[in-house]
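K.L.:
Next come the chains, spelled out residue by residue.
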Amino acid sequence: MIKLHKHQNETNPLLLEQIYDQCNLGIMLIHPNGEFIIWNQWMENASGLSRDDVLGKTLDQVFHKLDNPRLTIAIEDTHSYQLSSILSPRLHGNIFPLNVKGTRGRRSTPMGQIVALSPLTMAAGGVCCLIQVTDVTAALLREDKLRKQARSLSLVVAERVKELTGLYALTDVLMRSDLTLAKGLSTAINVFPPAWSYPDITCARITLEDFQFTTENFKETTWRLASDIVIKSEIIGTVEVFYLKETPERDEGPFRLEERLLINEMSANIGTYIERKQSEDTLRKSRESFRLIIERSPVPMIITDSDGNINLFNRKFVSLFGWTIDDVRTTDEWWLAAYPDSAYRESVASSWFDAVAEATATGIETAPQEWRLTCKKGDVREVVFQMVQVTEDEAVIVLHDITERKKLEEQLRRSQKMEAVGQLTGGIAHDFNNLLNIVMGKAEILGIKIEGNKNAERDIEAIIGAVQRGASLTERLLAFSRQQVLSPQPTAVNDLVLDLDDMLRRTLGETVELHTHLGTSPCQALIDPHQFENALLNLAINAQHAMPKGGRLTIETADSTQDEIFASRHEDLTPGDYVVVTVSDTGTGMSPVVLEKAFDPFFTTKEVGEGSGLGLSMVYGFANQSNGCVTLQSEEGHGTIVKLYLPRSPMGVSEKDPEEETPQVTQGSGRILLVEDDEDVREIPTSILRDEGYEVFEAGDGEEAIKLLKEHQPFDLLFTDVVLPGGMNGVEIAEETKRLQPSIKVLYTTGYAEDAFVSAGKQVSDDKLLSKPYRRAELLEKVQTALESEDD
Amino acid sequence: MPVSKLQKDALVEFLNVAIGRAARALNLMVKEEILLSIPNVDFLQRHEVLARLNETTGGVVSAIQQTFESSFSGDAFLVFPENQSLKLVQYIIGDLIDEESMTELEQETMTEVGNVVLNACMSSLSDQLNQPIQSSIPLFLSGDPQEILFGPHPRQSDDTLVMFITVMFQMKSGQIGGYIMLVLDMDSANNFLGQIDKMLPPPNDE
Chain A
1 MIKLHKHQNE
11 TNPLLLEQIY
21 DQCNLGIMLI
31 HPNGEFIIWN
41 QWMENASGLS
51 RDDVLGKTLD
61 QVFHKLDNPR
71 LTIAIEDTHS
81 YQLSSILSPR
91 LHGNIFPLNV
101 KGTRGRRSTP
111 MGQIVALSPL
121 TMAAGGVCCL
131 IQVTDVTAAL
141 LREDKLRKQA
151 RSLSLVVAER
161 VKELTGLYAL
171 TDVLMRSDLT
181 LAKGLSTAIN
191 VFPPAWSYPD
201 ITCARITLED
211 FQFTTENFKE
221 TTWRLASDIV
231 IKSEIIGTVE
241 VFYLKETPER
251 DEGPFRLEER
261 LLINEMSANI
271 GTYIERKQSE
281 DTLRKSRESF
291 RLIIERSPVP
301 MIITDSDGNI
311 NLFNRKFVSL
321 FGWTIDDVRT
331 TDEWWLAAYP
341 DSAYRESVAS
351 SWFDAVAEAT
361 ATGIETAPQE
371 WRLTCKKGDV
381 REVVFQMVQV
391 TEDEAVIVLH
401 DITERKKLEE
411 QLRRSQKMEA
421 VGQLTGGIAH
431 DFNNLLNIVM
441 GKAEILGIKI
451 EGNKNAERDI
461 EAIIGAVQRG
471 ASLTERLLAF
481 SRQQVLSPQP
491 TAVNDLVLDL
501 DDMLRRTLGE
511 TVELHTHLGT
521 SPCQALIDPH
531 QFENALLNLA
541 INAQHAMPKG
551 GRLTIETADS
561 TQDEIFASRH
571 EDLTPGDYVV
581 VTVSDTGTGM
591 SPVVLEKAFD
601 PFFTTKEVGE
611 GSGLGLSMVY
621 GFANQSNGCV
631 TLQSEEGHGT
641 IVKLYLPRSP
651 MGVSEKDPEE
661 ETPQVTQGSG
671 RILLVEDDED
681 VREIPTSILR
691 DEGYEVFEAG
701 DGEEAIKLLK
711 EHQPFDLLFT
721 DVVLPGGMNG
731 VEIAEETKRL
741 QPSIKVLYTT
751 GYAEDAFVSA
761 GKQVSDDKLL
771 SKPYRRAELL
781 EKVQTALESE
791 DD
Chain B
793 MPVSKLQKDA
803 LVEFLNVAIG
813 RAARALNLMV
823 KEEILLSIPN
833 VDFLQRHEVL
843 ARLNETTGGV
853 VSAIQQTFES
863 SFSGDAFLVF
873 PENQSLKLVQ
883 YIIGDLIDEE
893 SMTELEQETM
903 TEVGNVVLNA
913 CMSSLSDQLN
923 QPIQSSIPLF
933 LSGDPQEILF
943 GPHPRQSDDT
953 LVMFITVMFQ
963 MKSGQIGGYI
973 MLVLDMDSAN
983 NFLGQIDKML
993 PPPNDE
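Taken in order, these protein sequences are the chains called A and B.
Just so you know, our numbering puts 556 at position 556 of the first sequence, and the rest follows in order with no gaps.
Take the position in the second sequence, starting the count at 1, then add 792; the result is the number in our numbering.
One thing to keep in mind: the hints can contain errors.
Stated by the list, open to error - Taking CB as the label site, the calculated pair distances span:
id	chain 1	residue 1	chain 2	residue 2	range
1	B	D936	A	G253	55 to 63 Å
2	B	S863	A	N12	30 to 38 Å
3	B	S863	A	D52	40 to 48 Å
4	A	E17	B	D936	41 to 49 Å
5	B	D936	A	R147	26 to 34 Å
6	A	Q61	B	S829	39 to 47 Å
Hint data in this document are derived by calculation from the structure and do not stem from the laboratory.
Since we're looking at a predicted model, the values are computed, not measured.
All C-beta atoms, glycine included, are put in the ideal place defined by N, C-alpha and C.
Let the sequences and hints guide you as you build the complete structure.
P.N.:
Written out as C-alpha cells, the structure reads:
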C-alpha cells in the first residue's frame, strides 16, 4: 500500500513513469481484465519487446507457450484472493523468456529470475497484479559454479581417501603377525585394486624371485603401472597394477600422479615387510635350532627364565632323572622335588645362589657344583651342575651325571690299593721265602751233622717248625697278592662243600648252626680245590668270630650267568658263566669303614694275636687269581654276605688228588745245572744235592747257565729259579737249554712263580715246580721225579 | 481468549481443506511427492508458542513470513527447525552447496515452498470466510524464534493469539515436522472468531 507524501500534488503520472523506468527490476502490471497496463524500461531491455508491443495484450498473447501452472495459479491468487506469491528460479527455471545482455562482446544469455506477484487495488475497484522480476543470473551462475566445485572437490577427496584407505589396509595386513610371508603377500595383493580409480577393472601382481602373487582377476594388459621392491638398494621384485580396459589418459598413461606415488609407497612398505619377515624367519629358525640343540643334546639340560619358570627339561634330562615339565614347573618346585631333605636342600641352595650371583657379576658360567640329586623314582644320583645365562631372560643349566664315574673311580682306587698292597706283600713274601729257604736248608744240614744229640735235634726241629709257620704265612700273603701257585682244575664245588661239612661244623662250634643249600645244577668251577677249601674255612672262621653269641651260617651254591653290567661293576670280571658261592652269617656285621678295609692284608677287628688279618685278603686274592671275584655286603647288626664268583668249567669229573706218597729218598746220580741268583740261597740245594751224590754246576743267571751248558753238556737236569735278573728268566733258560740239549729235564723253583709263567704263556705242572721254602726231602723227591719223567 | 469447541472444530475443517490445497500446489512444482498430514490445531499464547518451539527445534528456526490484511490482520508463518528446513530443501532440489546453511537462491526456494503452503491456507480461509485476505510478498527469516516471530512489532502484545497448526511433511526419505502459525492481535483475533461464528449454524439449546 503506497502512501503518498503531503506533496502528493506535486507528483504526476510522468514522475511515476520515470520512477518505474529507473527501477533496476522488471515491473509489469496486469489489469483485472488480463491486459498489460505497465511494462517498464527494464522489461523492454530484457525481453526485447517495447511497451507498444505489449501494452493492451494479455500474458498469453505476449508470451506464447509459457505453460507454467504455478504462474497461472499465482496470478489467479493475486486477482481472486489478493494474495502475493513468489516464484524462485530453482523450481521454475527461467519463468519469462528474458535475456541478459552480453558483456565484453559475449552473446546475451537467458536470465535467471525471481518473480514476485502482488495485488494492487485500483481506486475504481478491481485488483491488478503487479509482477516484479529480479535478475539473479549472476547468483545462479555463481551457485552453479560453487556446486560444481563442491562436487569435484568431494570427488578428489574421495580419491585421496581411497588411496589412504588402501595404504592403511596394506599396513593392517603387513602388521599381522599370524601370517607367513607368502600368506601376507597373497592377502596384501587384494588391497591394491580398491585404492585405484577404477577398482572394478584393476588387477595387481607382486613378483618376487621365486613367487608371484596376483589378484583373482589378474590379466596382463598394456595399461601398466609398476614399482620395484627394493631391499638394501637391491631390487628383489616388482609390484604392478594393470587396468583391464582402456580409460582416459592421465598423468602416466591412464594413471594419475597420485597413483604413481601410491604404488611407490606400497612397494616400499612391501619391501620393508619382506625384509622384516625374512629376519624374523632367520631369528625363528635360529631359535628353533637352538631349542633343538638343547632338546636333543646328549647332555642333560634345563632352561629356566627370570621369573623362575622351568621352560625345558631336555630329552636326556628326562631319561636320566625322570622329572618332566609336568612334574616340576618352577624352580621352587624343583628345589623341593630334587632335594627332599631340607637340611641338604638348604646347603645346596645357599652354595648355588652364591655361584649364580658370582656368575652374574662376572658374566660367565657358574663354577661346577657337585650334588646328590633325587630322581623321580627316588634313586639318588651324583650330578655336577653348571649354569650359564644365555639371554637376559633365559638361563641354561647343564648337568653332568657322574654317578657311574664315581663308582668306577672308587673301584679303581680300591683295586689300585689292593694291587699296591699285593705287590708289596708279594715282594716281601718272596724275599722272605728265600730267607726261610736258607734257614730251612741250613737247619736240616745241621740236623744231619748233630745226629744223636737229642737236645740239639729238638732245637733244630723247633727251627724247622718256625720256618714252616713262616712259610705258611708267606703262602697266604702270596695268595692275597695273587702270586701263589694255583693248580686250577675242574672242581665240583658242591662235593667240596659237602666234604668240608664236618670240618666246618667243628670250626664253628656248637652255638652256630650250619645250613647248606647246594645248587641243583652241577656247579663245577675251574679252581684250585685246596685254595677253595682254604677260602671257605677262612670265611667260616670270620663268621664264627662275628657270632660270639651264636647264630646261623648259610652256604649256598648256584650256577649263574653274569652280564656286562654286572661285570662292569666288578673289577677284573668278564661277563660269562660263574658258580656263585654265597656265605652269609647272622653276626654283628661291619660298619662302612670296616667294610672298606676288610680285604686289606693285616687289617683285623680281632684282638691282637687272635687273627692274622690275612683271611679275607687270601679269599680276595684267590677269587681274583681264579678269574672270579668276591663281593662283600654287610651292615652293622645285620650280618654279612660274602659272594664268591668262580668261573664255571666245562663238565668233567674232578680229579681227586692222588694219595700223597711218603717221599722216598734214594741215592741220586746225575749232572744237574743249577741256576739261582742269590748265592746264599743257591748254596742250600747245591750242598744237599752234592751230599746225595749229584754232580752240580752252579750258575747265577741265564747267560752263565748257557755258557756252562755249552762247556759241560750233556746235563740230566736243569734246576732253575723262575725269577732271575740279567734278561733271561727261568722259563726262557729252560727253552734255550732244551734247544741246545733236547734231552734235558727241567725243574723250577720259585718264591712266586705266577708272573713268570704267565708272561711266558706257560702252564707248569705241579711236579715240575718246587715252591720255596722247601724241605730237603721235598727237593730230593722233586729232583728224582723230574729225572725219571718221560716227557718234557 | 477463549476459543469455543465449535469455533475450533470449524477451523480444523477449514484447515483440512487448506492443507489439501497446499499439498496439491506443492506437488505441481516438485518432482518428488510430498504428502502433508492432517493438521493439529491449537490456540496458544505467545509464551506457550515459544516454549513449544524451543522444545522441538533446539532454538534455531527457519521461517517464511507473510503479513496479511483482511477484516483481521496479522502475520502468517511457516516455521521449521533449521536442520529440518535444510532437509526439505535438499529433498526438493538435490545436493546443497553447503550442508549446514542455505545459499541465497536455496533460501528463495524455501521461501516459495512456504509461500505456496501459506497462500493455500489463506486462499482456503478466504473462500470459507468469503472475504478477501490480502497478503504481502513472503520473506525468509532464520534465527531465534522469539526474535523472528515476536520481534519488535507494533501490533503484538502479550495477549496476542497464535493459531498454532502442526503439519507433518511426509517425504520418501522420512518426515519432517513444520508449523503453520497465524499470529493475530487482540482485535484481529476477535474479528477472526467473529467471522468464524458467522459461518456456524445459529445456536439452538444454548
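K.L.:
None of the hints should be skipped; say for each whether it holds.
P.N.:
Now for the hints, and whether the structure bears them out:
| no. | hint | result |
| --- | --- | --- |
| 1 | D936/B <-> G253/A: 55 to 63 Å | holds, 58 Å |
| 2 | S863/B <-> N12/A: 30 to 38 Å | holds, 35 Å |
| 3 | S863/B <-> D52/A: 40 to 48 Å | holds, 42 Å |
| 4 | E17/A <-> D936/B: 41 to 49 Å | holds, 43 Å |
| 5 | D936/B <-> R147/A: 26 to 34 Å | holds, 29 Å |
| 6 | Q61/A <-> S829/B: 39 to 47 Å | holds, 42 Å |
In this structure, every one of the numbered hints holds.
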